[in-house]
Amino acid sequence: MPTVLIPTPLRRLTNDLEEVSAAGADIGTLIDNLDKAFPGLKDRVCDESGNVRRFVNIYVNGEDIRFLQEKATPVNENDEISIVPAIAGG
Amino acid sequence: MDKTSPFFINLKCRECGRTYPKQAIHVCDFDFGPLEAAYDYDAIRSVLTRAVIESRPQTMWRYRELLPIDGEPTVGTQVGFTPLVKADRLAKALGIRELYVKNDTVNYPTLSFKDRVVSVALSRACELGFKVVACASTGNLANSVAANAASAGLKSYVLIPADLEQGKVLGSLVYGTNVISIHGAYDQVNRLCSEIAGKYGWGFVNINLRPYYAEGSKSMGYEICEQLGWRIPTHTVAPMASGSLLTKIHKAYGEFARLGLVENTPFSVYGAQATGCAPIAHAMKLGTDIVKPVPKPETIVKSLAIGTPADGYYAIHAMRQTSGTAEDCTDEEVVEGIRLLAECEGIFSETAGGVTVSCAKKLIETGKIPRDGSAVLCITGHGLKTQEAIIGKCGTPRIIKPSLREFEEQVYHKDSVLA
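If you read the protein sequences in the order shown, they are chains E and U. Under my numbering, the first residue of the first sequence carries the number 1, and numbering increases by one thereafter. Under my numbering, the first residue of the second sequence carries the number 1001, and numbering increases by one thereafter.
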């Protein structure tokens, strides 16, 4: 199953787990499945329209999904997905 | 004495609007949006008039109701109110009717606009009880934090990319700060600082104190309006690193109009970047607001070399909303811009200023800024700090013996022939 790295601010929703497993043919489905396992997670990561929030970055094997196919980005068996709040600064 | 400002009321998420107390926090718990200082403009309108402002000392703090501290400023009380120079010779060289230069090359005390943001951040840091302050910096911010922290008796750490110009490194070291040079790009320095800020509770002016820090840039916009005779300039060009300065100038003009200090006239803001690191300009030119990070910036303009600009999205919207746009220029054009500003107006700017002048030139040439218009260029730091960029590019001295005949032969007669 694909692994999902959970950032510190969201770990209270995942019983403090920093790494979880989740399935889904694409990122959108994976987020929905994550939300079933850890209720409330989707609301933090996506807005009311279901789009990934501006200050949340999601990477599949290090690549930002905004430069792939956004929520439709396909997910494969051994992929590593990271959810990373955008860093402000500078 | 625990004074609370009746004008600066809380912090507010720019994305969802959730409000937060006026602490050293910068990110919304809910959607990770940036927090911004929020004000009671009705309360400000009742006390802040042109007459009141004009009666105050000529520093950035003459606008203090619009700046996010609770009491009186304690750090950087002399900062700001730099000259707004009417630049007739540069206007002619660029082919525009009227041009002004907002000259922060001479800002006090560290010769860049960063003294504005640091003055606010460190004044607030003292109010919040911080004993150690710090920053991630491309150079000018480090100089300013080092200097202002020294003057306030605060311990400080400045973290910089290891390849910064010598003038900027020396211009931090001299104040006794702790300079930590990182083998990496600015984005990596910034990430490390977020981790340190989270763990050790230091006051990082552009991380956990960012909502206070960022507001200091508004003072440049306020001063421009006041110095133009209480009006908003039609066209303003500002350099962009994180994009914060441009967004805050935009905010400043809007606040002055809202408070009735200036008429609500239309204005446009334009952002300038170096081609070797122009993520915001590229997004703008592509018509998107998704900013693609530049993993390894490559430009002599190290002060603007931020590959992942925190305020990129908001800068794009400020430009779009005001019918402005962005431009970028090559390293060669940067040097031309520095020289043009120096030779026309006697102002010696660092590389970011060269970017602003050259991008303004392109914006005028391509008709994006109309030739019969009036524009203000924000020149943000002094050229003595980025000497490496112009070494060998400004000619050389003519070397002669101390002899009148040699002077006449080598200099006077040659120049008379050329005149």
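Keep in mind that a hint or two might mislead.
[To be verified] Listing some non-contacts, in silico: residues in chain U with all C-beta distances to chain E over 10 Å:
hint, residue
1, Thr-1019
2, Val-1027
3, Asp-1029
4, Val-1085
5, Gln-1166
6, Leu-1170
7, His-1183
8, Ala-1310
9, Val-1417
10, Leu-1418
[Unchecked claim] List of simulated lysine-lysine pairs, DSS-like, C-alpha gap at most 27 Å:
hint, chain 1, residue 1, chain 2, residue 2
11, E, Lys-36, E, Lys-71
12, E, Lys-42, U, Lys-1012
13, E, Lys-42, U, Lys-1296
14, U, Lys-1092, U, Lys-1155
15, U, Lys-1362, E, Lys-71
16, U, Lys-1296, U, Lys-1401
17, U, Lys-1393, U, Lys-1251
18, U, Lys-1285, U, Lys-1199
19, U, Lys-1414, U, Lys-1393
20, E, Lys-71, U, Lys-1414
Bear in mind the hints are in silico, worked out from the structure with no lab data behind them. Yeah, the Cβ is synthetic: ideal placement off N, Cα and C, and Gly gets one too.
How the hints compare with the structure:
| no. | hint | verdict |
| --- | --- | --- |
| 1 | Thr-1019 | holds, 17 Å |
| 2 | Val-1027 | violated, 7 Å |
| 3 | Asp-1029 | violated, 7 Å |
| 4 | Val-1085 | holds, 28 Å |
| 5 | Gln-1166 | holds, 22 Å |
| 6 | Leu-1170 | holds, 22 Å |
| 7 | His-1183 | holds, 18 Å |
| 8 | Ala-1310 | violated, 4 Å |
| 9 | Val-1417 | holds, 52 Å |
| 10 | Leu-1418 | holds, 47 Å |
| 11 | Lys-36(E) to Lys-71(E) | holds, 17 Å |
| 12 | Lys-42(E) to Lys-1012(U) | holds, 22 Å |
| 13 | Lys-42(E) to Lys-1296(U) | violated, 32 Å |
| 14 | Lys-1092(U) to Lys-1155(U) | violated, 48 Å |
| 15 | Lys-1362(U) to Lys-71(E) | violated, 38 Å |
| 16 | Lys-1296(U) to Lys-1401(U) | violated, 48 Å |
| 17 | Lys-1393(U) to Lys-1251(U) | violated, 38 Å |
| 18 | Lys-1285(U) to Lys-1199(U) | violated, 39 Å |
| 19 | Lys-1414(U) to Lys-1393(U) | holds, 22 Å |
| 20 | Lys-71(E) to Lys-1414(U) | violated, 71 Å |
Comparing the model with each numbered hint stated earlier shows that hints 2, 3, 8, 13, 14, 15, 16, 17, 18 and 20 do not hold.
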